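Asker: Given the coordinates of chain A, work out where chains B, C and D should sit on it, guided by the hints.
These are the residues of each chain, in order.
Number of protein chains: 4
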Amino acid sequence: MKRIGIVGGTGYTGAELLRLLLAHPEAEVVTITSRAEQGREVAELYPNLRGITSLRFDRPDEAPLADCDLVFFATPNGVAMKQVPGLLAQGVRVIDLAADFRLHDANQWAEWYGQPHHCPELLDFAVYGLPEVNRQLIQEAQLVANPGCYPTAVQLALLPLIKHKLVDLQSLIADTKSGVSGAGRGANVGTLLCETSENFKAYGVAGHRHLPEIVQGLAQAGQVDIQQVALTFVPHLTPMIRGIHATCYGKLSVAGTNLQELFEQHYIHEPFVDVMPASSHPETRSVKGSNLCRIAVHQPLQKDTVVVLSVIDNLVKGAAGQAVQNMNIMLGFPEQLGLQVTAVLP
Amino acid sequence: MKRIGIVGGTGYTGAELLRLLLAHPEAEVVTITSRAEQGREVAELYPNLRGITSLRFDRPDEAPLADCDLVFFATPNGVAMKQVPGLLAQGVRVIDLAADFRLHDANQWAEWYGQPHHCPELLDFAVYGLPEVNRQLIQEAQLVANPGCYPTAVQLALLPLIKHKLVDLQSLIADTKSGVSGAGRGANVGTLLCETSENFKAYGVAGHRHLPEIVQGLAQAGQVDIQQVALTFVPHLTPMIRGIHATCYGKLSVAGTNLQELFEQHYIHEPFVDVMPASSHPETRSVKGSNLCRIAVHQPLQKDTVVVLSVIDNLVKGAAGQAVQNMNIMLGFPEQLGLQVTAVLP
Amino acid sequence: MKRIGIVGGTGYTGAELLRLLLAHPEAEVVTITSRAEQGREVAELYPNLRGITSLRFDRPDEAPLADCDLVFFATPNGVAMKQVPGLLAQGVRVIDLAADFRLHDANQWAEWYGQPHHCPELLDFAVYGLPEVNRQLIQEAQLVANPGCYPTAVQLALLPLIKHKLVDLQSLIADTKSGVSGAGRGANVGTLLCETSENFKAYGVAGHRHLPEIVQGLAQAGQVDIQQVALTFVPHLTPMIRGIHATCYGKLSVAGTNLQELFEQHYIHEPFVDVMPASSHPETRSVKGSNLCRIAVHQPLQKDTVVVLSVIDNLVKGAAGQAVQNMNIMLGFPEQLGLQVTAVLP
Amino acid sequence: MKRIGIVGGTGYTGAELLRLLLAHPEAEVVTITSRAEQGREVAELYPNLRGITSLRFDRPDEAPLADCDLVFFATPNGVAMKQVPGLLAQGVRVIDLAADFRLHDANQWAEWYGQPHHCPELLDFAVYGLPEVNRQLIQEAQLVANPGCYPTAVQLALLPLIKHKLVDLQSLIADTKSGVSGAGRGANVGTLLCETSENFKAYGVAGHRHLPEIVQGLAQAGQVDIQQVALTFVPHLTPMIRGIHATCYGKLSVAGTNLQELFEQHYIHEPFVDVMPASSHPETRSVKGSNLCRIAVHQPLQKDTVVVLSVIDNLVKGAAGQAVQNMNIMLGFPEQLGLQVTAVLP
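Protein chains in written order, with full-length UniProt numbering: chain A, 1 to 346; chain B, 1 to 346; chain C, 1 to 346; chain D, 1 to 346.
Since the hints were derived computationally from the structure, they do not count as laboratory data.
Predicted model, so just to flag it, every value in this text is computed and none were measured.
Keep in mind that the hints are not guaranteed to be accurate.
Since copy identity is lost for identical chains, a pair holds within one copy or between any two.
[What the hints assert, rightly or not] In the DSS-like style, the derived pairs of lysine-lysine whose C-alpha atoms are separated by at most 30 Å in a straight line are:
1. K2 x K82
2. K163 x K2
3. K303 x K165
4. K2 x K165
5. K251 x K303
6. K2 x K303
Isolated chain A (complex conformation) (with noise of 0.2 Å):
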């Protein structure tokens, strides 16, 4: 049994971390913390969780975050990137859910997160956590950033594409759908029930935080610098609970590729990723509470776009699902322990 600490246990994020861990049969949670909850039990909070743990919120100074073999950061951006170094330095692997050691460059970072970053050292040091490109590099990461639950999805919808070149990379559109938990559990009128349900309105179409990283792992896969990938990137707020769709859309630079094939080769490997067969539509139903990601891929008319729809789950591969698969992968546990939930339908 493997240590574990979760860093800010409040949100949705880290609810689902440890619902998550709590059915892991190698990892034992030790802790979790809060600032606003600290006492309380998880299980007034989190209904769900009543009878399965008997864990309360620790004070976040007083947590037992070094004796952890892995601590799990679920705190707003910004916050991970004070404490990170310390626990490295007591030598403590991190797996951050939030922004802070995403991007590479701690400019754009400043510039997208309205602050300087605290510790641009870090920013290479960190191995973006997407199993699918990095795995490797996961498995001796002592830091890794868990990419974001829109990039997820829109990654692993265009890279085969982009890897075998057949794209156009200034062409890229990624029309992005999400279930209300993405904006997490704050007392904000915007995500009410009554102002978002029997809604349905696009959000931050002038720039939007997850488009330098998404941006960031299409150059990097396509091996070409970051100014040749031109994404545009729109989300929109859909009257669920959870899911993200992800519509991506492209100019096939290369004609007569099987795109079906291509697709299924190129993640047949993957435990976690779904490619399904011709001419579906993948519901986000299908992957609620599952790690999983499915993907369709489409030329409609035979023409020259290409249609790329994903579906995942955003606090499970969009989340705390993929940041226990890097878990997994770091301690050499099987990629898919603990993993292997059926999504509830209907």
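Answerer: Chains B, C and D only, in chain A's frame:
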């Protein structure tokens, strides 16, 4: 008071027409027909209408349609084309809310709708009922083809760009999201609450019937042949009852235009198109139950991709409301008569 | 045109009042106030009102309330009682949509609302604004206490039985279900979509503030002391935006009454109470956005328990609509003026 | 590994059974049948199962049911009673999830289900599968009648009070609320998203088939004749997929009992009944996908009406999960085997 008939009144479109016409000061609904529900009170199916109307569904073949000034068809595709010629011959004006008269080309109609057209000679006689394009023609029309819901949202979003030849017609993408009412009131497993709630998916990516209708309209606006317009059209099903959100993309072929001003000018005299301020994100709930189309135009990061967001209520501006707007134009009423409804929010 | 003011316009009740009054032919809203949003356009918070009004929120202390013919308070409990005496002194008539003047007994008020009452001398001066009970008194009232949402639904369901002394007053149960908008527009975790969607729960079983209000009304109808009424009141939160469904139970103390006829006769002249046919099940959607209360009375298996089902829109008949109905009565307008809205369905 | 068959696998109950059994370490589903979908992959209907199972629906008359150790019937009412006698004769044990064997009285069955019972001789042979009541009998049972969803929630709420003779059996009320999945996967207009979302209504107030089942169970617990139990049962349809909330009322016939302690003691050894702390309000989401029933007992204002709140997942503890619990008991497995699933929240 004009005498109005509704053929096919059990579906959501027919019921919405009835709701609007019951509140219209110059229209009297003299008959609403249904084969399946003949004799039954409309208010039994639509409990909101209890106390508002005592109309019962008439047998189609007994309904006094010939005595009407204007008849709406809210029937499945393929029904109106069989009955309309007879009504026109009796001097009754017709608005068809189905697709029977939307395409000019009978072969194209047959291909997309899977049956030969019954009266191809009427295809050029019918006027496509998008008032923002064809207001003058609608005034004198005997037969109006009311546009589809997606085509309304997408055309209103793209027309200003195309009229002014600002976008590459080969680069168009319409990523559209619809509430479930767009699928009608039929008893289908696919539209059960348990199959659609907490779920998001695309459908019809290989080709949707609204595609040729949109392309026809865009080509006409751009004064080009339909072959010169390449539109990728991907509709999605959203877990809500009403509303369409179209997210439209195009490559600008001309730089430097003030798109905000262009859109505002283009629609400055339109009573039912609201161009929102720069940086806006229109919400479907803001038009629920209303005949408005709200539009916002964006140029993310000042690059050469333009993003136009438009929202309508699929059953109002996307169907029954636009039909009443057309009726107002045809019968010489003020265009907004009976249509000045504010969306109920939250 | 009467000059109308709204104090506290950012909440759902204030916004609903504004929506109704903007469509009212005899009312002109001259001011709507908000401390938090002063200076901001109302349509920014309520995008459905864009193009309908250009009102901005006024600072409460600068608003021309004294120049109004009638002022509505849509403020949190405890606010109106501090400002109403001054307005009354200036001859302004007031309708309070909060609970400040609903209870006659200042001690009871203090007990349930956790603070002493600021002007107990007004408690008997205020008229309880349930038109179906107090229409005559409302006509001349200077201060009307608009009923709570649950109290409206429950009283309208039970009054006919109690007036005719048909039920055991010690046996009453009101099992009520409300949409989430009843909890207001405050930024609370408990009313986030992610906390309330796909969920159903009771709350406040130990005692809800609407209980004494209902008991007071029922006791008055039965001409008994409030101690003689024992009502068990259990509210529940339902995953929808609008609507209250009250399921009320009582033991019949007299056998053989035709309850259907009794209810129909009792409400025969009421414009906003619809007694449905025997065996009906009223639906909340049938009154969404409308001021109607629909009621059905059942006597299952002909036993001695009567079940009365009633539905209202909590923001209309349960708040703003009833307030406008009261305004109409106070100002001598036809009672239905501006309130003849049909629910939008689906 | 035991060989398991499922008859009637296209409905939500059958699919939920399959989901649970696929994760069960001692069960192997050897056949799942469907007349309508024979030959089709189960994962086409239930996309969550894609990659988890390659089972296809078998023709009912070709399925190897006789080779099974145990067969579940997840068929419409009236189907199992025709096939069960044959299977029992071949030594196959059966759990029927429909209502065929729930009532002991064939006349009562015929009256409520509208057809004569096909094998009334089995009604006393069948064991009513509520483990919290009949665990011992279930162990040896050849035929188990799995309880209905409402009967499970209501009986678990009321049994402690009735066993201890604390309530007036003539005063019982069960006001129950169910998600839409309780109505099944049939193609009905009444369960479309557009008809049920943003809506709340009662149904079947005049008499619902689960009423005699509940009364039978309560009478047995109270050791009285069914005529001595008067239960008013009012079910409601709630706009969500899964979950039942029962709000049960009774007049206490004995004062002074510590009800909290009574409930805790009554269920202290039950693995799937969670008596919550005093003043709790159980939420349906806390048991979604899980086999738990969570219960809270209240005595509002210390008066003589007791209120018991209970929640279950209608498809799990209300159907498939309870069936697996019964299977575990019958086959000698640990009762919780394969059922230790935590609800996914949010």
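Asker: Looking at the structure, which of the earlier hints fail to hold?
Answerer: Per hint list: 2, 4, 6 violated.
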